[in-house]
Amino acid sequence: MKMSAKKTSTLLLVCMLGMSMMLAACSGSSGTDAAKPEGKDTAQSDPSKPFVLGETPLTFSFYGNYDWYTMNPWGQDPATKWIQDNKKVNVQAIQSGGAALQKFNTMIASGQLPDVIWGDRGTDVEKLRKAGKLVALDPYLEKYPNLKKWAGEKTLNMLRSEDGKLYQFPNWYTKNPMGNGGYAINNKIYKELGSPKLETFDDLYAYLKLVKEKYPEVVPFEVGLQGQGIDFLYAGMAEDRNVGQVSLRVVPDGNELKSLFSDPVYRESMIFANKLFREKLITQDAITQTRDQVKEKVNNGRVAIYGDFDTTVLGTEANSMLRAKDPEGGYTMIWPLHKSGVDPKKVWVNEFDSLGWNVSAITTSAKNPEGIFAYLDWLTGEEGERVIFWGPEGMYWQGTNDKGAPVYTDKYKNEVEERSKLMAIWDTFQWAGNTAFIDGSKAENEMNLPEDKRDWATVSQTGIAWKTSFDATEFGNIQPLPDSDEGMILQRVSDIADKVRAKALFAKDEQEVISLLDKAEQDAQKAGYEKLLKFETAKWQENLKKIKGN
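Counted from 1, the sequence shown has number 524 at position 524 by our numbering; the numbering is strictly sequential.
Worth flagging that the hints you see were computed from the coordinates, not collected in a lab. Wrong hints could be hidden among the right ones.
What the hints assert, rightly or not - Quick list of in silico lysine-lysine cross-link-like pairs, BS3-like style, CA-CA up to 30 Å:
1. K403 x K197
2. K275 x K214
3. K275 x K258
4. K154 x K346
5. K258 x K534
6. K165 x K197
7. K548 x K175
8. K467 x K367
9. K503 x K275
10. K154 x K546
11. K367 x K165
12. K275 x K212
13. K197 x K209
14. K411 x K258
15. K403 x K209
16. K531 x K508
17. K503 x K148
18. K154 x K143
19. K81 x K411
20. K367 x K346
21. K531 x K545
22. K81 x K154
23. K214 x K197
24. K503 x K546
25. K548 x K339
26. K148 x K403
27. K188 x K175
28. K149 x K367
Said to hold, decoys possible - Quick list of the computed label-pair ranges, beta carbon to beta carbon:
29. Q525 x K88: 35 to 43 Å
30. G54 x G341: 53 to 61 Å
31. P139 x P57: 16 to 24 Å
32. K531 x N86: 50 to 58 Å
33. G75 x Q525: 51 to 59 Å
34. N90 x E162: 21 to 29 Å
35. N448 x E296: 50 to 58 Å
36. G54 x G97: 30 to 38 Å
37. D498 x G164: 54 to 62 Å
38. P264 x F506: 16 to 24 Å
Think of the CB as a built atom: it goes at the ideal place given N, C-alpha and C, for glycine as much as any other residue.
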């Protein structure tokens, strides 16, 4: 499932410092246990008893703090309509409108927080927690058992704040490899060009040049939103490198984390990316294009190779649309490309950790936080996952097997295009994804279907994406709080990294790429990079001890 978006935005940024006076009245608290201040959702009548979904109406506001995220209308699709009718749950969406940071700042300034904030975990959540704006979830863990059962104590302990309490309800947490990223080839173009070998970066370069020559209207290599596919080049330049190191701007070396800018492997990947860009073999608006622009190109088959963190997500709809027009069309995911001599089984274009992707945090604005937790806990359980992922029973599934997995109906098998569209809608309501249950159920069911009826995403995930996913649990939450000295250094280093990545693409030659990275290293060190790396190294080592149970 989705892991890439976690790269795209943060929940609260340094700008929250400007709101510190407004939050000061609450800053003496480190969070609230089962707080029940006034809000718009329905209060629980008897706190001593579990909140039963379907008996008492529950309404709460929900804000997804990402520029790219837009919740579909609640109750206007089969899944949420079923939840509305049978569980009496209504969710009032607060949309970012493509400007998440500004929208959130407005809510902070007005003092009107949503009941639930869905966004990146870690340091940003901690800002709200320290301001006393979040509800601690610990009192609910025994009362509503699904999260504890499926996530496990180790995962929940890794999510706990410094005060020992839990404020974050994880999404797509897992104990198994997962991921959506990778390379997918346009079947029609690939076949028409003779189906050449595509394994190494040398193969890639030769193929992209051939595409440009034969198909001038096609993007040879579409690298996705914010040029995510460029990071795949880094992962393939050496063994046991992974895309997460680029986003963290760190390179593990023994027991230390070291600079990304001076890393020879990163430099080689940026030199190669620059070469492809200069020769117009990759997306020319890679840094600035929107998700919709990427989707339009992929859906219309105007790319020869597509690669980013969401390949199996966007690729599913695109594959279905293209194959409906031409059975020879569509996309096929291929094993990650790599430098000659690199072991392909040690190339990681995905990463996962047991903590999952992002989190839901219940704010003290919620009148009935326990009811909201009860819903999230139901959502992450078997019944909730079946409904929000496959729709209500009787539509695409009827009954379950001995593992709780849905048994697919003929409609699931035969209405592939319509099913793909609905599942894309339901994905916007998936805030408490249970990876182990969903992925296990998908894999078991899909492999029993005829090949032409199988879900493209599941086939791509089980065959390639999950097998090329690096376990990055040890690097979770190593970054500092935004308002700390190290946090401000992190912001400066991140700005330097973003700028040099873009400039390196537009550099006139290899030497200019090297000069730009030399300057980035110097600027980062002046900004305090070494201090930041020491801080993150210490956090990393603490994580390793937690994982080992020390």
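Tested hints:
1. K403 x K197: Cα-Cα ~41 Å, so violated.
2. K275 x K214: holds (20 Å)
3. K275 x K258: Cα-Cα ~26 Å, so holds.
4. K154 x K346: holds (27 Å)
5. K258 x K534: holds (9 Å)
6. K165 x K197: Status violated; Cα separation ~53 Å.
7. K548 x K175: holds (15 Å)
8. K467 x K367: violated (44 Å)
9. K503 x K275: With Cα atoms ~13 Å apart, K503 and K275 stay inside 30 Å; holds.
10. K154 x K546: Answer holds: K154 to K546 is near 8 Å, not above 30 Å.
11. K367 x K165: With Cα atoms ~20 Å apart, K367 and K165 stay inside 30 Å; holds.
12. K275 x K212: holds (14 Å)
13. K197 x K209: holds (14 Å)
14. K411 x K258: violated (53 Å)
15. K403 x K209: Judged against 30 Å, a Cα distance of about 49 Å means the pair is violated.
16. K531 x K508: This hinted pair is violated, its Cα atoms lying about 33 Å apart.
17. K503 x K148: With Cα atoms ~46 Å apart, K503 and K148 exceed 30 Å; violated.
18. K154 x K143: The given pair, whose Cα atoms are some 19 Å apart, holds under the 30 Å limit.
19. K81 x K411: holds (19 Å)
20. K367 x K346: At roughly 49 Å apart (the allowed maximum being 30 Å), K346 and K367 break the hint.
21. K531 x K545: holds (22 Å)
22. K81 x K154: violated (35 Å)
23. K214 x K197: holds (17 Å)
24. K503 x K546: With a Cα-Cα distance of about 39 Å, the restraint between K503 and K546 is violated, given a limit of 30 Å.
25. K548 x K339: violated (34 Å)
26. K148 x K403: holds (18 Å)
27. K188 x K175: violated (37 Å)
28. K149 x K367: Cα-Cα ~26 Å, so holds.
29. Q525 x K88: 35 to 43 Å: Violated: the Cβ-Cβ distance is about 57 Å, outside 35 to 43 Å.
30. G54 x G341: 53 to 61 Å: holds (60 Å)
31. P139 x P57: 16 to 24 Å: holds (22 Å)
32. K531 x N86: 50 to 58 Å: Hint holds: Cβ distance 54 Å, inside 50 to 58 Å.
33. G75 x Q525: 51 to 59 Å: Holds - the Cβ-Cβ distance for G75 and Q525, about 54 Å, lies within 51 to 59 Å.
34. N90 x E162: 21 to 29 Å: Cβ of N90 to Cβ of E162: about 35 Å, so the range 21 to 29 Å is violated.
35. N448 x E296: 50 to 58 Å: violated (34 Å)
36. G54 x G97: 30 to 38 Å: Since G54 and G97 have Cβ atoms about 33 Å apart, the given range 30 to 38 Å holds.
37. D498 x G164: 54 to 62 Å: violated (35 Å)
38. P264 x F506: 16 to 24 Å: holds (22 Å)
Violated hints, in rising order: 1, 6, 8, 14, 15, 16, 17, 20, 22, 24, 25, 27, 29, 34, 35 and 37; the structure is consistent with all others.
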